[in-house]
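Q: As a plain string of letters, each chain reads:
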Amino acid sequence: MKGTNLGEFEELVLLIVAGLFEQAYGLKIQEEIKSKAKRNVSISTVHATLHRLKKKGYLTSEYDNTEIGSRGGRPRLIFRVTKSGFESIQAMKELRNSLWDNIGDIAFN
Amino acid sequence: MNDKLPPKWAVNLLKKMLDPFLFNGIYGDLLERYHEIYQQNGKINASWYFIWNTLGFIRYWRLFKKRKLHFSNSISPGMIKNYLKTIFRSFLKRKAYVFLNIAGLSIGIASFILIWQYVNYEKSFDQFHEHSDRIYRLTRKDKSIGKEMANTKPDLLDDLVDAVPEMKKGTRFFIRRNASLLVEKDGTQEIFKDLDVSYADSNFLSVFTFPSALAFQNSNALAKINSIVIVESLALKLFGKSEVVGQRIGVKDPNFPLTFFNITEVIKDVPKSSHFRFDALLSLNTPLRGGQSLKDLNWNGFYSYMLADRNADPTAIQSKLDNFSGEYFKDEVNMGFGLQAMTDIHLKSDINFEAGKNNDIRTVNYLAMTAFLILLMAYFNYINFSTAKSTDRAKEIGVRKVLGAQKGELRLQFFVETAIINILSIVVAILLLFMLKQLFPSEQALFFYNNWQSIFSISGLYLVLILIAGIFLSGLYPAFVMSSFNPLKILSGSFKGLGKGIPVRNFLVSAQYTISIFLIIASLVIYNQVNYMLKQDKGIDINDVLIVNLPDIRDENYREKLGVYKNELEQMAFVTSISTASTTPGNGYNYSVQARTTQQLATETSTFYIDGVDENFLDHYKAELLSGRNFRGATEGEKSKVILNEAAVRQLGFNTNEEVIGKELLFDDSNFEVIGVIANYHHKSLKEAYDPQILAYYGTYVPHFSVRIPSNPSQQANYLAQLESSYKTVFGQPFDYFFLEQHFNTQYESDVNLLKLSGVFSFIAILIAVFGLIGMVAFTITRRLKEVAIRRVLGASAWGILMILSRKVLILNLISGVVAALLSITYLNQWLNDFAFKINLSLLHFLVPIILVLGITILIVLLQSSRVLSLSMSRFIKE
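Chain order of the listed sequences is A and B. Numbering-wise, this note's numbering comes out as the position in the first sequence, counting from 1, plus 2. Numbering-wise, this note's numbering comes out as the position in the second sequence, counting from 1, plus 8.
If you're looking for bench data, these hints aren't it; they were derived computationally from the structure. Note that beta-carbon positions come from the ideal geometry of N, C-alpha and C, so glycine has one too. Among these hints, one or two may not hold up.
Unchecked claim - On the chain B side, residues computed to face chain A include the following (Cβ under 7 Å):
| no. | residue |
| --- | --- |
| 1 | Leu39 |
| 2 | His43 |
| 3 | Asn61 |
Looking at chain B on its own, in the form it has when it is part of the complex (with noise of 0.2 Å):
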């Protein structure tokens, strides 16, 4: 009869829809035409009966549902009693497990909270404006050499009025830093140093929103000439109150005279999530010495932004601005606009010029993946921890089942287990945190410097969300695992614990492995590329060379000074050179041109960076002349000669460096002859390639002293005082110096606290799955502890029963290596791609981190197979 039975599906839906009680005679009734059908129009139509007529029960299925059979009242307030009794009881008796869970857990959550709260602060750059989302910083672009630029002239914005009818309001500052300000108290002066100072248009506080600290608002702050506008902190430290408007101030800046400003306004201070910084802004109208005002200079100094309407087409504005670029730049043909969101610019724009350090979206994106890995790997541990536990609660769950607990009930009280231990979990995160601030109170450390206010925001809302996914993440799977158990096996003693879980628990265990060994493989990658940016040979030496900072406060008699202190220092005989230029390596270039030789036409022009430095530059940093000579000292007319770098040469179109001596240049209006090639060096960090770059004469301009000494590390404090004391004695103002290596290195700041962050989390990862592991293997030794019984006694050796015991986990171990490396070859290509010098991923970067997480997996079954190995066997054979 078997063979004529009708689909089992259908048989199956059947017996899914109908009263136990019911099934028999119904299906009995289906089966009886079946059959006859069957007989009489064969295989296919009696099917085609039984199928169809099933359906026709789901339109009563309501009718013949099967009635629950209820024993126990679920949510009585006494059985409710009972699961919490039950569920401490076996905390307090698996204390060992329920510490694991709660610490792999609760470092995992903590992780995720830091990590999260801090990609929120670098993502929330310049929201805080009101019309954040239609601000613009407008840069200019050279389009044959694929650079961008921060900064513009200042009469761009006045053109733009007609060619972009989208722009509401146009504004544009200009940064100085270093400033010192001057304030005049009962008579005596005060000098505050190293202040940044913006000049900025009236308009500036109508188009940003920085609110006033004062009472009253005043709108036309910047209007007039000689205002001011401090910071609510500058007003308290220059001050001690911030109602200060109407006070003067004096501004004192190397470059300009000393001028007095009104305090016209007090704002509250620049959030840390801005983009640019100031501590006060002077109205730009403000004339400086020869009655012009900045504004009336020609030159790329000032950012430029753009309050676009409502709804303004950022394509359209961009498209119009290429329009006008052509009119703008005239025969500078490559020239052209960029329109930058202001809300991008912190993570997205790393262009010349910037206003201040900007981020990497990649960084922050790395790090956000990083804590959702993290986190997922603790809930892992959680379901691994509590499955495998699973057999020791077998015979609870086999006895509830008897007294007549239902799949539901049961599952409710694991998970409210789970839901415990996760609450329990994240208060200890929270524990954990406080701590960790208490640890780290400085501005600086590398998390706490922003506000943890947000967390409490819309994107704590999603915190929470995340954190509650997690307890039904890793309750779930539990919950209906451990109330699937039969309790007859239970109960008979036949129960083996789960086999059908087994599957699901090496998933979760190689995607740990996985992770663990990604996150490891990305962190050593870093690493290697950070440390090979700071070891590279720059093509110059900034080794043990000291720049010496100029006192920006300065009298008539400065200019004398100056030469004695340069004296004082050619008489040190530590000294081993002196030098100056416009700026140093590391800090970005003076300014850049557009250059062509007279030989080019005038829409063959190019960008070029200038540096203007002395004769004894290229001794001074060792950088190597490739041909022609150097600048003579300050002799007629060597401030029309160039010396050019390797990279401006080919810029110009020239393929040896020899045939571009005597050529004359054509920049600035002026023309320039080159006398000279220098080897290409990095003026800027490695990720930058090369840029053009031109060395200008600039004879007696000395914005700081660049000074060598040997390098005896022991000798340095004392080449310092005698610095020091020289410095004090001639200017009578405090030291102000820094390594020229270190302010180098810090253009690697980022990447270095990259590199840390992802150390870190690393760590903690390993952490996590060490946590996992320890759980896992011994689970496995308990489960087989009667067969290594058994082997020992029959001669096993102690190395054959660890093989035996580590097998399956090293080759989960192994084959989770494998996809780690496939999945970060991609990734850490793009990353490294981002760098213009950078190191070649090879096998090690792969093999070191998967022998390693093999080594401790090793580790791990060692130490606990040795604990069980030196027990008694016969024992647990008894057993």
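Next comes chain A alone, as it looks inside the complex (with noise of 0.2 Å):
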């Protein structure tokens, strides 16, 4: 199913607007996957992932209306994971568990 595939990038982007719940904006996004990921990325490109991400439909975006003074009275465009983009990641989550299991202890010795 091309199109929905998840890149490396795409999933961590995923994972942290699934983690921060609510807070998960552009901004806020980056700055989470630099103190979590060790990972410098350009707010362009965090950008240009969420709004990949909302193409394939894991991704929602709604403007909240709270009017924060340094942003310059623009609001914050929240992002949600929706229900495929939840299922798309437990999906991932389950494939890798399947996967270690498979490994079991012989393969480190």
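Got two chains here, each in a separate frame; can you build the complex from them with the hints?
A: Take a look at the structure:
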């Protein structure tokens, strides 16, 4: 199913959006990537990825209506993981788990 | 917070790139971080951050690009039908506007096409030869007086074979004008007069490309003596068919005995775009009376052409010619050779003894420039009209926009409208040209002596490209302006028309004024110069002088008849005086010589021009004898005497005319005593400075009779009748004469032509400008109708209103006048520099055109506004 596959970075962003819950907007996501994954990415890359995920239907976005002074009165665009988005990372996690189970302990001896 | 905002351009860039939905969120993110950095590291770092990250979004522009809102599909057939319908409805609604537009454009385009094909024709001269790019003409140059002469001696080419290895072939010819041909048919002889016959080398037809009119080409047509090659039209005239090889033709020529030639080849007619013309070619090897051929005459009567090797460098050839000239001219150290590319001759060569009348490249360029200017004016008109009239269309634009039309679609609509008007104008222009051709079918008429086919060649492609470019030029601006109207303003009624288009329109109107005034100034100066040349005192009197040509067909009693006719002329009471000379004023000189006084060294020789005259010449033409005496008639020793003009005296290095009297001149291997000095007179056109002239005594040599008759127009026909009847009785031939002054003035033919053309096209330029002006003034008045009405009701005078309405246009007019004057000063001074005798530019040349255009403007404003002012004003206030 082309178009619904998740890239490595996309998966990371999706997980972070899910973890931030209701606080997931561009800048915050960028900071989280930096602090959790130790990766320096530009804000444009973050937004591009968010946009792609949204096009795939894994995210929705909505403006919160609180105006914030430090943002020049601009509202934050909050991202939420959709049901299919959640299923997608869930499936990814299960796939990984089952693969890990196959490896067992032997492989590392 | 406002002072803490990032650079505006970066914000705008971001806004341009992003979908409006995303913009707020992303801009907010950037701002948040921007302010953080601002607090910690200052403004510069913050700005850098903002700019850098904004630029980062460029990578993803395709991802974030704005979503277009498509409410209508612009290319659906229904929509196109709708566009066309509205276009034609709007045409019908505004007939006057469409008419003015098409009239202006089609006149502009017609003028452009007309000049375009003329310019192309002029530039195509001599291009029809297969080797046209490597044929050169050899000329003689006298470096001491800066004169160049087109003809050379016949031995030159033979000597050049070793000196210039690049010369692949050399060919020469000698043109005999007004020759008569004699054809024997069924035992009777028929004579055809006034033909140009050339004596040409045997390789003439392999250097130049004159294709055969027959099935088989005879490449050796001129090799044998007594061979003649004739052009197809002459074959048809002489024999009524073109397959005439083997027939005999007799060549009668005043200076040669009757000789019979065999036709060896018939070629197609010489194209009009050839700088030399002939009706027949004779083999140059044919012996003359004494057994010698023309080639053996050591005389500067030949045109010498060389066909150079492929890739030969003309500058290298020229330097070899320079080396060779010392060896060839020996003591005549000032003489040298020139090399002219054949394709340059028609437009760039104006030297002595040309083979035909050439044109001037600057005349052609001036016309080409005029063509472009007129076309530009026509397009400017269109732009002006359509933007000015766009307020009429505002409602339509508003409604279309509200219903979801995009800018691009509106642009397309208006552009298509322009294209339709342009194409209609092109069609009308072509119809106009055909009508013009019907009106002036004569070959002589201004422009139509050349082939229209040139329009369909490569240059025709350029023409089409230019006209297409014109559609874009005139269509894009109005389309962009009109599609940018704000629909809210239009529909709420607060739309006041086009504010921002006014500077552009002012510029276009000024440009039109400038072009018109420039063209009028140029025409006026050309008119004055041509008039000056026609009216200026020539130093001799050629009014009321008649040149009687003597018959070509001469029998053994010819000498006797000449005496009889001269006697009869002298008997006629009305004949004031009679003279003869080897040439007439306006016809160039007999030939040129290298001369010096016996005191001068051989290296001090320089070029002089010889004319043979009789003892009556000075009195007959009323030339002024400054010093010494006239010829005494056919007495002993007069043939070794000469009279000089002042220019010749100066060239010999004498400061006074008296000094030169009695000195001996050396030329043509003989000594000549100077007996008199005459004042300089204009032997040639006033374009040329005075040449150093030598008048030699030719005594009994009579090439024509120059007859002065009284200046009495009512009796002229009577005089001519008497001259004619006597001529016919004596010679038994048709009377052949011309008036000298008319003949002299044919030298100004190209200038008079330029004058006519520049007059016609200035008029057309004014016409187009007037169309534009009428439209503009009408537009201004309608826009300010309410203002005018209020002023009028409050008591403003008609005059005051007129001032208000015309002020702006008059200011534009004056500014354009000054610009045009400045532009034309340099241009016209350059043009005038080509004339040895010329007028000076005066203030009037500039003031008259400016005032003329000003007057036309005022007239238009007056007419247009009087129409409005005569109406009841209350109506407009109520509206």
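Q: Now, for every hint given, state plainly whether the structure supports it.
A: Outcome of the hint check:
1. The interface hint given for leucine 39 (chain B) is met, as the beta carbon of that residue sits about 4 Å from the closest beta carbon of chain A, less than 7 Å.
2. Interface hint at histidine 43 (chain B): satisfied, since its Cβ lies 5 Å from the closest Cβ of chain A, which is below the 7 Å cut-off.
3. Hint on asparagine 61 (chain B) holds. Least Cβ distance to chain A is approximately 5 Å, under the 7 Å limit.
In this structure, every one of the numbered hints holds.
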